[in-house]
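In order, the protein sequences belong to chains A, B and C.
Residue numbers for the first sequence follow our numbering, so the first one is 403 and each next one is one higher.
Residue numbers for the second sequence follow our numbering, so the first one is 3 and each next one is one higher.
Residue numbers for the third sequence follow our numbering, so the first one is 883 and each next one is one higher.
Some hints could be false.
[As the list claims (entries may be wrong)] Interface residues of chain A toward chain B, partial, derived using beta-carbon atoms under 10 Å:
1. Y457
2. L506
3. R509
4. F514
5. L520
6. L522
7. V525
8. V645
9. A649
10. L652
11. I688
12. L693
13. G695
14. F696
15. I698
16. P701
It should be emphasised that the hints constitute simulated quantities derived from the structure, not laboratory data.
Glycine is no exception: its CB is placed at the ideal position from the N, C-alpha and C atoms.
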Amino acid sequence: MRSDVFLLVCLGIGGAVFAAAVAFGNDYLFFAGYVVAQYVVLATAWNILGGYCGYVNFGSAAFFALGAYTTVAFYSFYPPLPVPALIVVGGLVSGVVGLGMGYLTLRLRGAFFAIATLALAVVLQTLVVNWDYVGGSRGAYIMRPETVAPLGNYVRYLFLAMLLLAVVAITAARLIERSRLGYGFATIRDDELAAEASGVPTLRLKLVATAISGALMGMAGAPFPYYIGYLQPSSTFGLDYAVNAIAMPLIGGTTTWIGPLVGAVLLGSLQQIATVTISSAVNLLIVGFLLVGFVIVAPNGIVGLFRQHVRHEPAGIVGRRRLGADAAGSAP
Amino acid sequence: MIFSFDLLINAIVSGILIGGFYAAVTAGVSLSFGILDIVNIAHPAFIILGSYLAYVLNLGLGLDPILASIVMLPAFYALGAGIYQIYYLSFEKRGQESLRGLAFFFGLLFITEVSLVLYFGVDYRYVEARYIGPTWHFGPIDLPLRILVPFLVSLLLIAALELLLTRSFIGRAIMAVAQDQLALKLLAVDPIRIKRIAFGISIATASLAGAFLIIIQPVEPSVGREYIGRVFAICVLGGMGSLPGTLIAAMMIGIFESLTATFYGPSWAPAVSFGFLLLTLAVRPAGLLGR
Amino acid sequence: MSELLAIDNLGKRFGGFIALDGISLAVGTGERVGLIGPNGSGKSTLVNCICGTVRHEAGAVYFDGHPLGSAAAHVRTRLGLARTFQLPRPFVSLTLLDNLRIPLLYTVAARGQGYAASEIEARCLALLREVGLEAKARHRPRDLTQVEMRKLELARAMAAEPKLLIADESMAGLTHSEVEDILMLLRHLNAEGIAIILIEHIMRAVMSFSQRLVVLVSGRKIADGAPEEVMRDPEVEKAYLGQ
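Using the sequences provided together with the hints, build the complete structure.
Below, the structure written as structure tokens:
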């Protein structure tokens, strides 16, 4: 399927989802739907660097939070910027920071890269917590407008925006996957040394992946202050976003754009249901168990299981070799 | 910023004491990450588990928390050995340690933490012992016993581990397994068994570190998270598997955090260890006393 | 014969261990050079330094007139240097066809002589045919035998359309006829004008293939000349005593 056709199909599906939610009438669906769509974006974004290139980012929350805090920083602009503009700005800020982070950390071996991303997230969090303009550790209050014509409820507007963003994210991921860039990413994941030897400019590609990944996450975070009303650094920068951004692609499947989508929709919905029926702490327990379970039993995720049992493709784990073994492959 | 000599001296001493404790916290990761190349990001969660178990035994049986943690050592060792076995069968054997191994431990982190939340709730817990409360004074220097005692026992722990690694057969086998598995096999030593023992020891240290933690400060389940970065920062700075290096790096971090908290405010302290980590990774990935 | 690769006083140490000590070597366009030496003599380190996988410390490497300096490996590949790895490193998640697609997309295209999208697949299949792997074009590397993996390594290096190919122990552990297969492939490539550095332990193959023989021992070059003369050199005999 060509990419523009795919985009139209996705827009169609997104529109249908929105219409169904409106028809159902329960406003809670929009709140829950926003979160699920947000996770689709986050999971897809993470997967571009983590699944395609094999570089595990633990600091996903930082990019998400950057997008959110960019919105907060612009909040005092009068008249306030509309959400689509905020999304673009949030994406730009996060993309640039992603590029910077990549430049600092991408020369590191896999495990060190993951730890460095965690470190950067904390440094960013500390900076924000100490910046009073965006509320510091006290947090920031964002007043959400009541209605937006013709949709009515402002949350409906946010949900629609996030749905569109999810469509954009998925289309972009699919486009990348099938392009020359996608092949390059796969070689980085499989064997970076051999990739370089074959002419792939690995550092440049990794920077591109980091920038795109960071930008998308920032875009997902931009509308968040309007959604939540009260922004707190500890939870916005929290590990909860990091674990979901990692768990959803891993459970869904890391090698294609479908995996994060499946993982986000399934896990996101599961968490919403659990929050409503049991408690919100149980959420993370579920994520933890599913993550551990899938990673042991079904390393290629749901997509992998589908390929194995429905399409009868041979099993075989796809992914990166040891984090540590980047030696030149032979004795001196 | 109010500068006074007393404040400075106490900040440095406090940093050294806390640094000793940080070293005990990191010792397990020096083993698992520094030597075995296993990114056990869940280690701080196991420490918190140790804290809660020490709390339970302290509350129920009146056991001194450090004694309680020693009683729990075999259980933690078994936990570590079991986790390694799963890790080995699921990841190392298949050659897939990287992303999925990391995710495995990340999942364990959450399972442990949330289980503690569900069982104990989010209230802070603390233990009771005779040395929690009194403070010794040496001139301008204040030495709170609740930090001094864990500091001293931490030093003992580090010394014991170092002796184990350098003098005993098991210890040297552990050091060897990181560098040359084939040589071990030729000596009829099963490298997997050695790694299992090493990882078991690594988690066992979490029991002790947990007791130290809950003596120093009240604990609730999410406290572990602030240690994740600290622990890896110290491990990398200290040269990845060098215990003396870990001790020095831990004290350095302790001192810098203490100075930052005293003169700039505690909200800047978390950035210290992470800033150090980033700097080290950028400039000298082998750490201060790197292999 | 013009100088394609010029190595001037190259040095490299790993900690306290001196892997390369003042190596100077030149390879001309279209030349066939054999590189031999005991295990640990520095052959693979030399290759890594030439190709940019490892950074050298002393001396300089020039390729096709360009000083390589600290250029990244992918830059050197684009200049025309290709290599195989001692232990084959295929891209495991890609099919054989896609494995060959990578050098075409990234190396050849970067030189401005790229193939049109429709031609790329045909070119990959042609390359696979040359090494006898066309039947497994849609398979993944895990389905390959040892010798097939070696052939894939060579095919991938060939796909980069190099001026100089370094074949690092491509024949280790192969049977007599498999060795002949690889040799024939290399001779064919050389006939097309590609210079080849053959690093091997199989003396029969090296002797029959090389126009020139270079011997490395403990990081130093101890001989460099016509194969028969080099093998008669007493120092070389001493180095290989017991081999």
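Numbers of the earlier hints that this structure fails to satisfy, in rising order: Failing hints: none at all.
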